[in-house]
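What follows is the residue order along each chain.
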Amino acid sequence: MEIKSEATAGTLESSDAQVTIEPSDGGIYFELSSSVMNQYGRQIRNVVLETLKNLEVESAKIKVVDRGALDSTIKARVECAVFRSSGWEGAIPWRGLVK
Amino acid sequence: MKNAVGRDIPDLLLQDGRSVFRGSNFMDGCIYTKPGPTVRAAVKPQASKVLENIRTAINRCGLKNGMTVSFHHHFRDGDYIVNMVMREIEAMGIGDITIAASSLGDAHDPVAAMIERGVVTGIQTSGIRGKIGDAVSNGSLKNIAILRSHGGRVRAIERGEVHIDVAFIGAPTSDEYGNARGKGGKSDCGVLSYSVADARYADHVVVITDTLVPFPNLPPSIDGVDVDYVVVVDEIGDPARIASQALRVTQDPRDLMMAENCARVMASTPYFKDGFSFQSGAGGPSLAVNRFLESMMVERGIKMQWALGGITKPTVDLLNKGLINCVVDTQDFDAAAVCSVHNHPRHYEISTSQYANPMNKGAFVNKLDFVVLAALEIDVDFNVNVVTGSDGVLRGAPGGHPDAASGAKCTIIVTPLVRGRIPTVCDRVVTVTTPGESIDVLVTDYGIAVNPARQDLVSAITSAGIPITAVEVLKERAYSIVGVPDDVEFGDRVVAVMEARDGTLLDVVRQVKKFE
Amino acid sequence: MSRDVKKRLRRTMLFLNAQRPSLMKDAYVYAPDSVIFDLEDAVAENQKDAARFSLYNNLRSIDYGEVERIVRVNGLDTPHWVEDIRASVAGGADGIRIPKCERARDVRRIEEAIESAERAFSRKPGSTLIMAAIESPRGVLNALEICESSERLFGVALSGGDFRAAMQTKYYPSGVEMAAARGNVLIAARASGVQCFDTVFTNIDDIEGFKSEVIMNREMGFDGKSVVNPRQIAIVHEIFTPGEREIREAERVVTALSENANDGVGVFLVDGKMVDIAFLAGARRTLALARAGGVYKGDL
Numbered sequence: 001m002e003i004k005s006e007a008t009a010g011t012l013e014s015s016d017a018q019v020t021i022e023p024s025d026g027g028i029y030f031e032l033s034s035s036v037m038n039q040y041g042r043q044i045r046n047v048v049l050e051t052l053k054n055l056e057v058e059s060a061k062i063k064v065v066d067r068g069a070l071d072s073t074i075k076a077r078v079e080c081a082v083f084r085s086s087g088w089e090g091a092i093p094w095r096g097l098v099k
Numbered sequence: 001m002k003n004a005v006g007r008d009i010p011d012l013l014l015q016d017g018r019s020v021f022r023g024s025n026f027m028d029g030c031i032y033t034k035p036g037p038t039v040r041a042a043v044k045p046q047a048s049k050v051l052e053n054i055r056t057a058i059n060r061c062g063l064k065n066g067m068t069v070s071f072h073h074h075f076r077d078g079d080y081i082v083n084m085v086m087r088e089i090e091a092m093g094i095g096d097i098t099i100a101a102s103s104l105g106d107a108h109d110p111v112a113a114m115i116e117r118g119v120v121t122g123i124q125t126s127g128i129r130g131k132i133g134d135a136v137s138n139g140s141l142k143n144i145a146i147l148r149s150h151g152g153r154v155r156a157i158e159r160g161e162v163h164i165d166v167a168f169i170g171a172p173t174s175d176e177y178g179n180a181r182g183k184g185g186k187s188d189c190g191v192l193s194y195s196v197a198d199a200r201y202a203d204h205v206v207v208i209t210d211t212l213v214p215f216p217n218l219p220p221s222i223d224g225v226d227v228d229y230v231v232v233v234d235e236i237g238d239p240a241r242i243a244s245q246a247l248r249v250t251q252d253p254r255d256l257m258m259a260e261n262c263a264r265v266m267a268s269t270p271y272f273k274d275g276f277s278f279q280s281g282a283g284g285p286s287l288a289v290n291r292f293l294e295s296m297m298v299e300r301g302i303k304m305q306w307a308l309g310g311i312t313k314p315t316v317d318l319l320n321k322g323l324i325n326c327v328v329d330t331q332d333f334d335a336a337a338v339c340s341v342h343n344h345p346r347h348y349e350i351s352t353s354q355y356a357n358p359m360n361k362g363a364f365v366n367k368l369d370f371v372v373l374a375a376l377e378i379d380v381d382f383n384v385n386v387v388t389g390s391d392g393v394l395r396g397a398p399g400g401h402p403d404a405a406s407g408a409k410c411t412i413i414v415t416p417l418v419r420g421r422i423p424t425v426c427d428r429v430v431t432v433t434t435p436g437e438s439i440d441v442l443v444t445d446y447g448i449a450v451n452p453a454r455q456d457l458v459s460a461i462t463s464a465g466i467p468i469t470a471v472e473v474l475k476e477r478a479y480s481i482v483g484v485p486d487d488v489e490f491g492d493r494v495v496a497v498m499e500a501r502d503g504t505l506l507d508v509v510r511q512v513k514k515f516e
Numbered sequence: 001m002s003r004d005v006k007k008r009l010r011r012t013m014l015f016l017n018a019q020r021p022s023l024m025k026d027a028y029v030y031a032p033d034s035v036i037f038d039l040e041d042a043v044a045e046n047q048k049d050a051a052r053f054s055l056y057n058n059l060r061s062i063d064y065g066e067v068e069r070i071v072r073v074n075g076l077d078t079p080h081w082v083e084d085i086r087a088s089v090a091g092g093a094d095g096i097r098i099p100k101c102e103r104a105r106d107v108r109r110i111e112e113a114i115e116s117a118e119r120a121f122s123r124k125p126g127s128t129l130i131m132a133a134i135e136s137p138r139g140v141l142n143a144l145e146i147c148e149s150s151e152r153l154f155g156v157a158l159s160g161g162d163f164r165a166a167m168q169t170k171y172y173p174s175g176v177e178m179a180a181a182r183g184n185v186l187i188a189a190r191a192s193g194v195q196c197f198d199t200v201f202t203n204i205d206d207i208e209g210f211k212s213e214v215i216m217n218r219e220m221g222f223d224g225k226s227v228v229n230p231r232q233i234a235i236v237h238e239i240f241t242p243g244e245r246e247i248r249e250a251e252r253v254v255t256a257l258s259e260n261a262n263d264g265v266g267v268f269l270v271d272g273k274m275v276d277i278a279f280l281a282g283a284r285r286t287l288a289l290a291r292a293g294g295v296y297k298g299d300l
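Going down the list, the protein sequences come from chains B, P and F.
If you use the working numbering, the first sequence closes out at 99, no skipped numbers anywhere.
If you use the working numbering, the second sequence closes out at 516, no skipped numbers anywhere.
If you use the working numbering, the third sequence closes out at 300, no skipped numbers anywhere.
These are calculated hints, taken from the structure and not from any lab test.
One should not assume that every hint holds.
Not the full set, but computed from the structure, chain P residues with beta-carbon under 10 Å of chain B [to be verified]: (1) 395; (2) 420; (3) 422; (4) 423; (5) 453; (6) 454; (7) 456; (8) 489; (9) 491; (10) 493; (11) 508; (12) 512.
Nothing here was measured: the structure is a model prediction, and the numbers come from that model.
The beta carbon of each residue, even a glycine, is placed where N, CA and C say it ideally should be.
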């Protein structure tokens, strides 16, 4: 999918994550701040990058402000931000692009 | 050398008579001599103890580089005394000071900068938070900090393991002769339990008050016979932060569910009978237990003989309803508790030595039936951490946790299985503050586990129809929800030691590494 | 354990905002019989997409154990409901709650969308159940056709908010304002053999008011109640748990029926009362309620 414009999804509430995505000049740039950085920073990074890969996003700047979200929430927020940014209209490819 | 909770204590620390933790009752029968302070006689009947300011008091006490000063934390987040005194000490060019406080909190953030500047080189405390916690965890403190339980702190004083050169005691009221009380004045904190040992064992004692009352201020918590000087200042604290006006009992459904289950566990044990005794922590779910206990006590037609510890409104309410015979108080958390200790004839103030010193001969905690406590982490050996965050940074307080846990016949930890994404029930706590042998039951929102050492409780609880599970199962459940956390990385340097109640070494806290 | 999922116990159905991870992540700890992930009223218009992604991932990855997972989709008068259903079915929801249902045709439109989603996402045809919320005077009057509209429909829920407004009234502790609607919807549900759930009680601090409403619900014959706060769950379960005498009676009915069925006897006496096969369902339900309430350990 193509990142066309800046888009945000999620909140800064406890157990949530706020994901902001914008176009980059090539490649994935990842930035994370998290309340559980030491224990889960590595896993959050893996989830974000894997989600982008599944969505076939090859170029993006993505920033995640995590408030102790579970992996499923991080994935949901990344997906929502990507779809918003891509200007997708029509049915969401559940069980397809959206794993 | 490995200790009884499996923690490796570096040999370097095992000097000057220090040894590793060998079990809660290992020091039973140990013989020791109490130290005596070196004091200055105040013979002249007409001499005044009242000094114009703190600087004069520091001068008169002869405070020098390398000495130890002490403080109490009855003013909690509203305390002005520590900063006021430490600023003066720094301004006078004195440094290399050790602070021996009953606890340090967010109110004392300015001390962190004094650590960086070398004004403060030692910290001994039962609680460490905010910027001081960061500074110590980052390795900025020159000496190794010493963390002790409330009872452990008094033990260290009464055995001479820490010698206090000058005790600065903030007091809501004092007379000109230093008879000081926690009651009355502008910064009413109810009791002065934490300062009693300081007053008796420090070489110099300075009472700082904002409300000088006519002599005699009776009955005193701090006896004028121990006091060298009295200093009157404008404000010793922020009343709004000393005692919360109304500590609202939690409405969080999860806390309430755990509190109710905790009360059911209590009611299933043989200790839940007329005349039982109880202490609860001040955290949300622990506090809410009182509410459910009330209906269970009424239902069974039984009463509590005494409640102990830091006191809050729910306990006072039960006292006033006649469901508790007497309240034994070491700290007041809200306005209701302060008011009650002033007015209720069966609400008593005791010293922290009476409360919890494991090496005196009459600690009240030893007579407890139940205590309900919180935890930042608890591991599969039931060891509890209440002092380091799961990121390894110092930000908590052993406080009376290890004392009450060790003393009570039934010690219950109430905690959610997961906080945010952090698993509370884990393989291995970052720091052991309370050994697992002291913990009997764990109540979480995902189930209840009983320490296998307490098969009597296992059968009592299960025969009441309350389902229990293994602590390992709870841990697995936690990890299945949040994922297995990466180990926190520490540097080699030990920045703090966690003493067991008896002064042996329970654990060490190492310098934290920044995550990359 | 009820083998028929349509008839499983649903004493409590807990509403959860599908846009709030802190609520969704483990509401099963409160042990409601069902949860209702809400994509409708709780979610702001510009967050409908975000809530769907949350819902889908939550359904896919969080183990709710025995707790039934239902999704309240947006109304048929919105542009959202088809995608809501696709996300729910793809995620594996147990059922769909239709808001503001007024006629059988509403149920059939939802059913068609579910069927197509089940095909698209390779879910077992017919596995996604339906419940219909009746929120208007017309819905109440059409309750019977709604109850009989679909094989997938396991029950109907009365929803008081809009209904009271439409009836020019408001909440009264006596329940008089909802009496006719409760009666009508219940009778329709019973006539067509589906379950019936009462409306939410929104003042969570009024414990006594809540209790008396739940007692009334039980006495009227409701199967359960929608709840808005976890604190309400234990109260409903306690009130719906049968007493010792009811349990013993039900046990005797079940035992006697199975014994007599073997002997080919149709009607017989239990404790001096005439009993036949028509009593079996009620007795079994009593035992199921008792088991769920933790007061019955038997295996009948």
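Against the earlier hints, flag every one the structure doesn't satisfy and list their numbers going up.
Of the numbered hints, 1, 5, 6, 7, 9, 10 and 11 do not hold.
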